[in-house]
Amino acid sequence: MAAGVRCRATSVGQRTDLLPPSSDIPNLNIGSGRRSIRRSLYRPSLAASAPSARKAIVFISISTSISMISLNTNRSLILDGLAILFGISSWISINGLWVELPLLVDQLPESWALASYLSIIIQIANLGPICYGIYRYAYPHKNLERYIIVGLLLVGVAASLCLILFWDRTTILAGQEHSTALFVLVFALSMVDCTSSVLFLPFMATFRSIYLNSYLIGEGMSGFLPAVIALMQGVGGNPYCANVTDSVLDADGNSFVDYKEVAVYPDPRFSVEVFFVILMVMVIVSAVAFILMNVVPSVRSELVTDQNYIAPTEEAGSYDQVTPSGSGVKDSQSTEAPVSFPSLDSENSDWKARNKFYGFLALQAYLCFISNGAFPSIQTYSCLPFGNVVYHLSVTLNAMANPVMAFMAFFCPCRSSKLLLGLTAAGTLFSGFILATSLESPNQLWGPDVGGALTVLSWVIYGGLFSYVKVSIAGWCWEHSRTALFWCGAWTQIGSAFGAALSYVLVNELNVFHQYYIKCES
Numbered sequence: 024m025a026a027g028v029r030c031r032a033t034s035v036g037q038r039t040d041l042l043p044p045s046s047d048i049p050n051l052n053i054g055s056g057r058r059s060i061r062r063s064l065y066r067p068s069l070a071a072s073a074p075s076a077r078k079a080i081v082f083i084s085i086s087t088s089i090s091m092i093s094l095n096t097n098r099s100l101i102l103d104g105l106a107i108l109f110g111i112s113s114w115i116s117i118n119g120l121w122v123e124l125p126l127l128v129d130q131l132p133e134s135w136a137l138a139s140y141l142s143i144i145i146q147i148a149n150l151g152p153i154c155y156g157i158y159r160y161a162y163p164h165k166n167l168e169r170y171i172i173v174g175l176l177l178v179g180v181a182a183s184l185c186l187i188l189f190w191d192r193t194t195i196l197a198g199q200e201h202s203t204a205l206f207v208l209v210f211a212l213s214m215v216d217c218t219s220s221v222l223f224l225p226f227m228a229t230f231r232s233i234y235l236n237s238y239l240i241g242e243g244m245s246g247f248l249p250a251v252i253a254l255m256q257g258v259g260g261n262p263y264c265a266n267v268t269d270s271v272l273d274a275d276g277n278s279f280v281d282y283k284e285v286a287v288y289p290d291p292r293f294s295v296e297v298f299f300v301i302l303m304v305m306v307i308v309s310a311v312a313f314i315l316m317n318v319v320p321s322v323r324s325e326l327v328t329d330q331n332y333i334a335p336t337e338e339a340g341s342y343d344q345v346t347p348s349g350s351g352v353k354d355s356q357s358t359e360a361p362v363s364f365p366s367l368d369s370e371n372s373d374w375k376a377r378n379k380f381y382g383f384l385a386l387q388a389y390l391c392f393i394s395n396g397a398f399p400s401i402q403t404y405s406c407l408p409f410g411n412v413v414y415h416l417s418v419t420l421n422a423m424a425n426p427v428m429a430f431m432a433f434f435c436p437c438r439s440s441k442l443l444l445g446l447t448a449a450g451t452l453f454s455g456f457i458l459a460t461s462l463e464s465p466n467q468l469w470g471p472d473v474g475g476a477l478t479v480l481s482w483v484i485y486g487g488l489f490s491y492v493k494v495s496i497a498g499w500c501w502e503h504s505r506t507a508l509f510w511c512g513a514w515t516q517i518g519s520a521f522g523a524a525l526s527y528v529l530v531n532e533l534n535v536f537h538q539y540y541i542k543c544e545s
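Per this note's numbering, the very first residue in the sequence shown carries number 24; after that it's consecutive.
Hints listed in this document are in silico derivations from the structure and should not be mistaken for laboratory results.
Be careful, since some hints might not be right.
To be verified - Dumping the calculated DMTMM-like pairs for lysine to aspartate or glutamate here, alpha-carbon to alpha-carbon at most 20 Å:
| hint | residue 1 | residue 2 |
| --- | --- | --- |
| 1 | K542 | D281 |
| 2 | K542 | D269 |
| 3 | K283 | E463 |
| 4 | K542 | E284 |
| 5 | K441 | D373 |
| 6 | K542 | D129 |
| 7 | K542 | E463 |
| 8 | K283 | D269 |
Could you build all of it, start to finish, from the sequences and the hints given here?
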């Protein structure tokens, strides 16, 4: 048995569920905690509003899954692989598009303001999971998840293909040139990725619970893999001025050579189109994995049977273990007595825990306001004054630091309010430097060398610290109750939406941040 992990046998069948060590979960009602995570799989409204909460579950589950694979010989490694490939499709498109921004801003008319447009589009795309949540509420007994997932994946493949062909097509809107095709396709891809939050987990719940961890590993890789590919792609270097010659005809029809300087943007190792092709291939592979999970007999044999299916009952907060005969056996009838925990929802709730909960919600909203909403929109103004290389490294390394630090949140969990506040304060100091470089744009703060190095370092450290704190807060909420997890996700979305909206106004309406233009002598 792996250290720090204990097994609990249920009263029905021979299943065991690996649980976190009790020493790491103070005052946790194990029975309620298990029902809470089950409810999160079946409630679209919860999953839709809790991306950070789901990220916590991703990285809380990664290490556990490694132990589970070694402990459970009665499992299908084929299904493990398919679940990982299927999970990669959850956010691969948007994460991939974001790390490609250093190459897009130089070629599209929105230029440095492009990130602010994309941020607000992604927030609007949350209408997808909201609509699906309304559908599930109106038709709770219609199980069309598999068909809807197929439709989503097909839309993702089609939008990815169109992105390869039309990402640079523009039109004139309100007298200005805009990347209309890119905006429409980003909205479609965002709808797919956001809606995956409320569809993919319930689908994985139809398999034995040991395979959920494999899916969550794949979901975590959906942000890491595009960053690695973008890092391999590079940006070719910073733009420079070069002399070019051009044949010009004068009024008399005589030809002469004209010398002038133009801005030259070095080519990356492979083009934007090739990068988008790689993303499309990943989506196709995920779609094929999903189809195989539904048609391969050896994989379908791993579907949940009546012996181990946790069925939602009409009573709120109650889940019954269904026996082959159909009689319900409460999950609380386990061989191990649950540890009592004063629910956050009860009138007798401990005020200290309640105040800690409210403090964590406020902190989560603040973190997401900055890291999910405001700062992604102004990253161009912070980095590009130092050149394309600084921007490229800041985007890709920040994207890699987020899952790495979230992964560390499992091995080094933190539930101390003071320590989390301290880490937030440290991250805020680095974010303050980032804001200063953005406001200083187009000038370089502290020169190209020192300022550029500090800018990359600040983006990586601030992103990593904030990611660690966000996942730690979501993990604390996950341990306590479904309601806590829901409100954590809700305030995550509220903070992100307000941050994106504020940045859009500051960038595009008030023109607080200024762009740098390369000027070459004619």
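Structure-based check of each hint:
no.: 1; hint: K542 - D281; verdict: holds (18 Å)
no.: 2; hint: K542 - D269; verdict: holds (19 Å)
no.: 3; hint: K283 - E463; verdict: violated (31 Å)
no.: 4; hint: K542 - E284; verdict: holds (9 Å)
no.: 5; hint: K441 - D373; verdict: holds (19 Å)
no.: 6; hint: K542 - D129; verdict: holds (14 Å)
no.: 7; hint: K542 - E463; verdict: holds (19 Å)
no.: 8; hint: K283 - D269; verdict: holds (8 Å)
Violated hint: 3 only; the structure is consistent with all others.
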